[in-house]
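Enquirer: Starting from the given sequences, assemble the full structure and let the hints guide the process.
Protein chains: 2
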Amino acid sequence: MNLYSELSPSPRTIMTPGPVEVDPRVLRAMSYPILGQFDPEFTALMNDTMAMLRSVFRTENEWAFPIDGTSRSGIEAVLVSLIEPGDKVLVPIFGRFGYLLQEIAERCGAAVVVLEKSWGEVYDPEEVIAAILREKPDLVAIVHGETSTGRIQPLEAIGKACRELDVLVVVDAVATIGGVPLEVDAWCLDAVIGGTQKCLSVPSGMAPITYNDRAERKIARRKSIERGLRQSGGDSSNDARQISPIRSNYLDLSQLQDYWSPRRLNHHTEMTSMLYALREGLRIVLAEGMETRFARHRLQETALVAGLQAMGLSLYGDARCKLTVVTCVRIPPGVDGESVRSMLLELFGIEIASSFGPLKGEIWRIGTMGYSCSRKNVLHLLGALEAVLVRHGVHIQTGAGVQAAMDIYCS
Amino acid sequence: MNLYSELSPSPRTIMTPGPVEVDPRVLRAMSYPILGQFDPEFTALMNDTMAMLRSVFRTENEWAFPIDGTSRSGIEAVLVSLIEPGDKVLVPIFGRFGYLLQEIAERCGAAVVVLEKSWGEVYDPEEVIAAILREKPDLVAIVHGETSTGRIQPLEAIGKACRELDVLVVVDAVATIGGVPLEVDAWCLDAVIGGTQKCLSVPSGMAPITYNDRAERKIARRKSIERGLRQSGGDSSNDARQISPIRSNYLDLSQLQDYWSPRRLNHHTEMTSMLYALREGLRIVLAEGMETRFARHRLQETALVAGLQAMGLSLYGDARCKLTVVTCVRIPPGVDGESVRSMLLELFGIEIASSFGPLKGEIWRIGTMGYSCSRKNVLHLLGALEAVLVRHGVHIQTGAGVQAAMDIYCS
Numbered sequence: 001m002n003l004y005s006e007l008s009p010s011p012r013t014i015m016t017p018g019p020v021e022v023d024p025r026v027l028r029a030m031s032y033p034i035l036g037q038f039d040p041e042f043t044a045l046m047n048d049t050m051a052m053l054r055s056v057f058r059t060e061n062e063w064a065f066p067i068d069g070t071s072r073s074g075i076e077a078v079l080v081s082l083i084e085p086g087d088k089v090l091v092p093i094f095g096r097f098g099y100l101l102q103e104i105a106e107r108c109g110a111a112v113v114v115l116e117k118s119w120g121e122v123y124d125p126e127e128v129i130a131a132i133l134r135e136k137p138d139l140v141a142i143v144h145g146e147t148s149t150g151r152i153q154p155l156e157a158i159g160k161a162c163r164e165l166d167v168l169v170v171v172d173a174v175a176t177i178g179g180v181p182l183e184v185d186a187w188c189l190d191a192v193i194g195g196t197q198k199c200l201s202v203p204s205g206m207a208p209i210t211y212n213d214r215a216e217r218k219i220a221r222r223k224s225i226e227r228g229l230r231q232s233g234g235d236s237s238n239d240a241r242q243i244s245p246i247r248s249n250y251l252d253l254s255q256l257q258d259y260w261s262p263r264r265l266n267h268h269t270e271m272t273s274m275l276y277a278l279r280e281g282l283r284i285v286l287a288e289g290m291e292t293r294f295a296r297h298r299l300q301e302t303a304l305v306a307g308l309q310a311m312g313l314s315l316y317g318d319a320r321c322k323l324t325v326v327t328c329v330r331i332p333p334g335v336d337g338e339s340v341r342s343m344l345l346e347l348f349g350i351e352i353a354s355s356f357g358p359l360k361g362e363i364w365r366i367g368t369m370g371y372s373c374s375r376k377n378v379l380h381l382l383g384a385l386e387a388v389l390v391r392h393g394v395h396i397q398t399g400a401g402v403q404a405a406m407d408i409y410c411s
Numbered sequence: 001m002n003l004y005s006e007l008s009p010s011p012r013t014i015m016t017p018g019p020v021e022v023d024p025r026v027l028r029a030m031s032y033p034i035l036g037q038f039d040p041e042f043t044a045l046m047n048d049t050m051a052m053l054r055s056v057f058r059t060e061n062e063w064a065f066p067i068d069g070t071s072r073s074g075i076e077a078v079l080v081s082l083i084e085p086g087d088k089v090l091v092p093i094f095g096r097f098g099y100l101l102q103e104i105a106e107r108c109g110a111a112v113v114v115l116e117k118s119w120g121e122v123y124d125p126e127e128v129i130a131a132i133l134r135e136k137p138d139l140v141a142i143v144h145g146e147t148s149t150g151r152i153q154p155l156e157a158i159g160k161a162c163r164e165l166d167v168l169v170v171v172d173a174v175a176t177i178g179g180v181p182l183e184v185d186a187w188c189l190d191a192v193i194g195g196t197q198k199c200l201s202v203p204s205g206m207a208p209i210t211y212n213d214r215a216e217r218k219i220a221r222r223k224s225i226e227r228g229l230r231q232s233g234g235d236s237s238n239d240a241r242q243i244s245p246i247r248s249n250y251l252d253l254s255q256l257q258d259y260w261s262p263r264r265l266n267h268h269t270e271m272t273s274m275l276y277a278l279r280e281g282l283r284i285v286l287a288e289g290m291e292t293r294f295a296r297h298r299l300q301e302t303a304l305v306a307g308l309q310a311m312g313l314s315l316y317g318d319a320r321c322k323l324t325v326v327t328c329v330r331i332p333p334g335v336d337g338e339s340v341r342s343m344l345l346e347l348f349g350i351e352i353a354s355s356f357g358p359l360k361g362e363i364w365r366i367g368t369m370g371y372s373c374s375r376k377n378v379l380h381l382l383g384a385l386e387a388v389l390v391r392h393g394v395h396i397q398t399g400a401g402v403q404a405a406m407d408i409y410c411s
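Protein chains in written order, with UniProt numbering: chain U, 1 to 411; chain A, 1 to 411.
None of the hints are false.
Because identical chains cannot be distinguished in the list, a pair is counted as satisfied if it fits within a single copy or across any two copies.
Below, computed lysine to aspartate or glutamate pairings styled on EDC-like, alpha-carbon distance capped at 20 Å:
1. K117 - E135
2. K360 - D258
3. K88 - D166
4. K360 - D39
5. K136 - D87
6. K223 - D213
7. K160 - D124
8. K88 - E216
9. K223 - D87
10. K160 - E126
11. K223 - D138
12. K88 - E106
Derived by calculation from the structure, the hints in this document are not laboratory data.
Expert: Below is the structure:
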């Protein structure tokens, strides 16, 4: 007897900063039968994926491949492979995910120095560069698009300064990849982590990363070969010279890059269906064209913001550093933010997000990312939000929000 | 312009020890649109999955949930959460995946003591118990089904001895869950890791684990709350009492269990589509019935072995501890094992596996796992292998292998 019902998820309009709706072509890709991980047809798909990741990351790096886990597994893989215990790491924090970088770096044994900024703002690059000159860290870890506050940090000047000062810079671009410009090589970023479940519109489950030869040199020094794979008289890289081997096996980039290289040295069992999904998601991004895709994200943001403001709602945070793909809205005084979110979900099938830490109960966060970033979704959300706010006693000039967005689309 | 072709993987008969063919109902489950990770409909599916995992693991443990990564991420999550640097860990090794346990435990900072057994054999439980009495480890880590050699280690006496001696025992049951009996509670196993891409016939990408209150107590002592989630005046579990916090954030079971608890404390973004897949895979296992499923695996093994032996091939390893779901065959003298594998794949679309380390070039490994474990596949493989061996100059009584398997099925 089996008490569990057949899977039958309700249709949702997902307007959070991730996970967002998955492109139906990606869903279809996941439904194909699998190939074995060393099947030449599968390794060819792995190579395709690496090549497409290089295009999307805008890099000539040899190493661009997914970590088999959710976004934070990619962050941890990069940090645990690059940070030796005792290394000094500078983390300029401007929201929740900056604290995550701090936390992971600390667990890697780093001596972490943080900068802290009021949530809702970002750094003038000169502030960060001054801190680098003062602290002389081995590594700087920083967030590009901070979804907890809806802000974007300019990185070009910071990246170039790190290159000049020979400091490694690691960037969390989980929220930005495929949605807003990210230039790994031009901005001199040494290692970058992207996310699948946001602007790429692939389900959560992989974390695309890339890193350059500067990063690789540090990783190579710490390399070991897995015991069960060593052949007698063969590899001897585990010798006494090693000072600080990488603490994780699963997230060890030195072993992972051997698996993603033509050597195909066995490590984990690659996630076949997720790889199908990522390859298809990247193919869709490149088929749309990066510039076209960025313009689409800007257009939906403009319409959404116009609609929200016409409804009389106010936005949170410094407008000069607003992240295109996340719009943070102040919850009107006296309104129960969670009650509004529940009614949107239950009656309209629309999901928006709350926030974390000091912003919990203060703002809603609305994502316009990837496949979810569409006229249909923006208009649907504005109409629904108005209706729900009216039900919650908020005084609103009805109809104005949707009309303001339509003005943008029809102009 | 997009140079990348549409995804169109060739159909394969996958007779390796994993990844194996995915049940079409599981493939279909992955093609459903996603739900948000905190959508009540999604958290209900998470709860279903926990309940089904308890049934499949045969446990009353509160904690039974998937780690979001491939099987070894589950192993590392358990070991990094349970091992404090300096802990003494005993690993009885009898194949590649024993060495993996050693390697991961060492990276966690353990003082590892190993037992080593000739590949192809397993331990008399008394040998392991004697070593536990001698070494007095904090933790024993051991493989249940060793796919590199096709052997199964009896665990009941070892588990009960560990309970009596108050030693934690961690079991890698990646290859056995859903294919051969595994009794977490009855055998007194404290933490167990399963795999998705083997007998459960779900794609690689999640690692179901379970652990009991003995394990949880050790984890709880090492717990911390993520910085970005702490509320002012709220959680204060990160205080000076902590001696050895868990070194990984991504694989920290203390945080993961909060995410899987009714508190739903935010951690990673749950892999929606993989969770759909795992839930459906478990539903199918329970619908078939565990005993019926085990009997199916035994029947296909019997037919496969009869066929291989009738072809004149000899099996590898001690027959008394043969793992039902993996059959290791000696490569006939003078035959290039990789050439046979390639011809099977290219002409017949069938994949079998080679092996690792000292067994590389010595044996083929044939899996009969989950959805791949069928009469159709066994008969198809026996006919194809015969044809390919004949092409490689091996003297074989043609027709005998398939007939011997048919004798089993028709008796």
